[in-house]
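There are 2 protein chains.
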Amino acid sequence: MNLILLDKEDFVGQHRVRLSGRRQEHIVNIQRATIGDELRVGKLNGLLGTGEIVRLDEDGLEIEIQLEQQPPTPLPITLLLALPRPKMLKRILQSVSSLGVKKIYLLNSYRVDKSYWNSPLLQPEKLTEQLMLGLEQSRDTVLPEINLCPRFKPFVEDELPEISRHTLSYVAHPGAETACPHSISQKVTLAIGPEGGFIPYEVTKLQNCGFLPIHLGERILRVETAVPVLLSRLTP
Amino acid sequence: MNLILLDKEDFVGQHRVRLSGRRQEHIVNIQRATIGDELRVGKLNGLLGTGEIVRLDEDGLEIEIQLEQQPPTPLPITLLLALPRPKMLKRILQSVSSLGVKKIYLLNSYRVDKSYWNSPLLQPEKLTEQLMLGLEQSRDTVLPEINLCPRFKPFVEDELPEISRHTLSYVAHPGAETACPHSISQKVTLAIGPEGGFIPYEVTKLQNCGFLPIHLGERILRVETAVPVLLSRLTP
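Chain order of the listed sequences is A and B.
Taking the numbering used here, I'd label the letters of the first sequence as residues 8 to 243.
Taking the numbering used here, I'd label the letters of the second sequence as residues 8 to 243.
I should point out that these hints are in silico values taken from the structure, not numbers from a laboratory.
A quick note: this is a predicted structure, and the numbers were derived from the prediction, not measured.
Don't take each hint at face value.
No more than 27 Å apart at the CA atoms, straight line, and that leaves these computed lysine-lysine pairs for DSS-like [said to hold, decoys possible]: (1) A:Lys-133 <-> B:Lys-133; (2) A:Lys-97 <-> A:Lys-160; (3) A:Lys-97 <-> B:Lys-133; (4) B:Lys-97 <-> A:Lys-94; (5) A:Lys-97 <-> A:Lys-121; (6) A:Lys-133 <-> B:Lys-97; (7) A:Lys-94 <-> A:Lys-121; (8) B:Lys-94 <-> A:Lys-94.
A few chain B positions that, by computed beta-carbon distances, are all more than 10 Å from chain A [what the hints assert, rightly or not]: (9) Asp-14; (10) Lys-50; (11) Pro-168; (12) Val-210.
Ideal Cβ positions, reconstructed from N, Cα and C, are used throughout, including at glycine.
Can you make the complete structure from the sequences, with help from the hints?
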């Protein structure tokens, strides 16, 4: 936790917040901070700044805050990701959020195990929890927007053209002819398949929607590794 | 497992191997392959090719193999990594191995918990196991070389100059003046600190050895995310 992320409900005055639970525990037991100490804070979807601990007792922790700094620039990449298995989804959401992606679509695909769609992790508050962990890690405040798309075909036909409009659109596909380009200055929509990849039908559907298949070389990477590799390569 | 990795001991003839245990289980239960089916195989530190299952009984599995393809080109990056906590080390070793790094130094640093050095995961055969998982994932055969460096100062003073000679040397350091460059065509030595980063003394020691501090933007990434991001950005 490199940033204490503050929500509306934390505020007890214009410049004062009261925290308890996980964040208090982290501040007191991990950061070992006490009254008078300064912390990095940020308001969810708002500014970053610093806070001074002014009260610490059994009711919780109070911090006087000063917010003046803009959050980091978002990554200009919209991510379409075939729904990974829950354990991996957690890690990927944290990593993607920490990298600055602000629009995520979790997509069905032939090789996505149907049971994944019943995971309790897909409840909105659980998804938000993982994304917030990424923000706390990377010192960002802007919560990514996340959408569940459990039906591939209607999503790609009816919604994707609008989502990917005015962007360069790529689908990561081992064996593609084109190598993943470097440092794209335009906005990008990037589709990443499940372990084992999108099936040819799905790749064709994405191509019909203007997506160019790109590869990362001869090596086949796990989705978890391919995601940061692709995002890193595509951003300026 | 996108590749069945074969060791010397597996060979029962010039073109025939016998497998049991984990690989047999994977082939039979996960890949659901049977007699006559073709598999991708590779000889550890040797060529890649295909194999046909010719026998399958309670003694194991026999495959007739043809090896003719070179393994993928290694990544021209030597990686110095402050020893991560064991659970993360496992994942990082797999990911680094799958990305094609062939020289890894696990390094002590002020912020590395001393207990990590006692982890059973640091036994050579356990490290090799994780690296092999990376090779099987990425369809590579060349086992990375891994070195343990539990003493920072003597390593940096006495061994690192020779290791990093004739390479561009970078140390990932949030807050550095220089941004991580793109697509370096020369050989690179890359040092990545622990969660929380190298301490200033350590950065100075690395700078004295010719390492340039580089950053990845305002965001602070977990080591696990920073590793593929840095490797991806630096390679051509």
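So which of the earlier hints does this model not fit?
1
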